[in-house]
Amino acid sequence: NAGVTQTPKFQVLKTGQSMTLQCAQDMNHEYMSWYRQDPGMGLRLIHYSVGAGITDQGEVPNGYNVSRSTTEDFPLRLLSAAPSQTSVYFCASSYSSRRSSYNSPLHFGNGTRLTVT
Amino acid sequence: KNEVEQSPQNLTAQEGEFITINCSYSVGISALHWLQQHPGGGIVSLFMLSSGKKKHGRLIATINIQEKHSSLHITASHPRDSAVYICAVAHSGGSNYKLTFGKGTLLTVNP
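Residue numbers (this note's numbering), protein chains in the order written: chain A, 1 to 117; chain B, 1001 to 1111.
Think of the hints as simulated: they come from the structure by calculation, not from any bench. Please note that a few of the clues may not be correct.
[To be verified] In silico lysine to aspartate or glutamate, EDC-like type, Cα no more than 20 Å apart, as pairs: (1) B:K1098 <-> B:D1081; (2) B:K1068 <-> B:D1081; (3) B:K1068 <-> B:E1003; (4) B:K1055 <-> B:E1017; (5) A:K9 <-> A:D73; (6) B:K1103 <-> A:D38; (7) B:K1098 <-> A:E59; (8) B:K1068 <-> B:E1005; (9) B:K1103 <-> A:E59; (10) B:K1098 <-> B:E1017; (11) B:K1098 <-> A:D56; (12) B:K1054 <-> B:D1081; (13) B:K1103 <-> B:E1003; (14) B:K1103 <-> B:E1015; (15) B:K1054 <-> B:E1067; (16) B:K1098 <-> B:E1003; (17) B:K1098 <-> A:E30; (18) B:K1103 <-> A:E30.
Everything numeric in this text was worked out from a predicted model, so none of it was measured.
Could you build the full structure based on these sequences and the hints that come with them?
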């Protein structure tokens, strides 16, 4: 199993450009999520999904879009990049039934370091 | 006030010392996670617990639901334990899929 795969590892964008951060997992996990990590702030939840076709907003969703067309993939789209979106982005997944509380260990990708100039 | 508070923010220890990192939270939770992040960024899940105590090798995690407090202990610390340790809580009730993270504790273990 590859686990959680994030691409790219590094990306530089100009203000106003759009891009998609890719996240894929091969563990048949229902729960997938995106976080950003900024110095002094800790990890903050951007969007999450509890299964294919279901997404919801986290703590800092503005400027980001997600979709979950398959169980395996959960891409994060930056619609119009801004310098405030310079951060390290992590995708994570876990096995978590929609019928029960969140109660499974998290598996993280290796992160994407994004710089917006 | 943050929903998840960790202490200390920074911790320096000598090899072999017993380490304790604390996490306090102010919301109802369904589970609490302890994560480890080494320099270079990768994040690894150490424990997930909703009650009592768990042990894995030299690491022990405890949680007191009534006091809304968890501790991560490292026995016989080693320089390879140097990392940032992060506490995260899964909210209970309708928001039970949302995770809130502490800011992390930077642990440095000197040889």
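Status of each hint after checking the structure:
1. Between B:K1098 and B:D1081 the alpha-carbon distance is near 28 Å, which puts this suggested pair outside the 20 Å criterion.
2. For the hint linking B:K1068 to B:D1081, the alpha-carbon distance of about 26 Å lies beyond 20 Å, and the restraint is violated.
3. Between B:K1068 and B:E1003 the alpha-carbon distance is near 11 Å, which keeps this suggested pair within the 20 Å criterion.
4. Restraint check for B:K1055 and B:E1017: satisfied, since their Cα atoms lie roughly 18 Å apart, inside the 20 Å limit.
5. For the proposed pair A:K9 and A:D73, the alpha carbon gap of about 17 Å is at most 20 Å, so the pair holds.
6. Using a Cα cut-off of 20 Å, the hinted pair B:K1103 and A:D38 holds, with the two alpha carbons roughly 10 Å apart.
7. Simply put, B:K1098 and A:E59 have alpha-carbon atoms about 9 Å apart, close enough for the 20 Å limit, and the pair holds.
8. For the suggested pair B:K1068 and B:E1005, the alpha carbons sit about 11 Å apart, so the restraint of at most 20 Å is met.
9. Taking the CA atoms of B:K1103 and A:E59, the gap is about 15 Å. The hint holds against a cut of 20 Å.
10. Restraint check: the Cα-Cα separation between B:K1098 and B:E1017 comes to about 35 Å, which exceeds 20 Å; the hinted pair is violated.
11. Taking the CA atoms of B:K1098 and A:D56, the gap is about 10 Å. The hint holds against a cut of 20 Å.
12. Among the hinted pairs, B:K1054 with B:D1081 is consistent with the structure: their alpha-carbon atoms are about 18 Å apart, no more than 20 Å.
13. Pair hint B:K1103 plus B:E1003 holds up; C-alpha atoms about 11 Å apart against a cutoff of 20 Å.
14. A hinted pair counts as satisfied when its Cα atoms are at most 20 Å apart, and B:K1103 with B:E1015 does not qualify at roughly 24 Å.
15. At most 20 Å may separate the alpha-carbon atoms for a hinted pair to count; B:K1054 and B:E1067 meet this at roughly 18 Å.
16. In summary, the hint linking B:K1098 to B:E1003 is supported, as the alpha carbons are separated by about 12 Å, within the 20 Å threshold.
17. Between B:K1098 and A:E30 the alpha-carbon distance is near 14 Å, which keeps this suggested pair within the 20 Å criterion.
18. Note on B:K1103 and A:E30: the hinted pairing is violated, with a Cα-Cα distance of about 27 Å set against a maximum of 20 Å.
The earlier numbered hints that this structure contradicts are 1, 2, 10, 14, 18.
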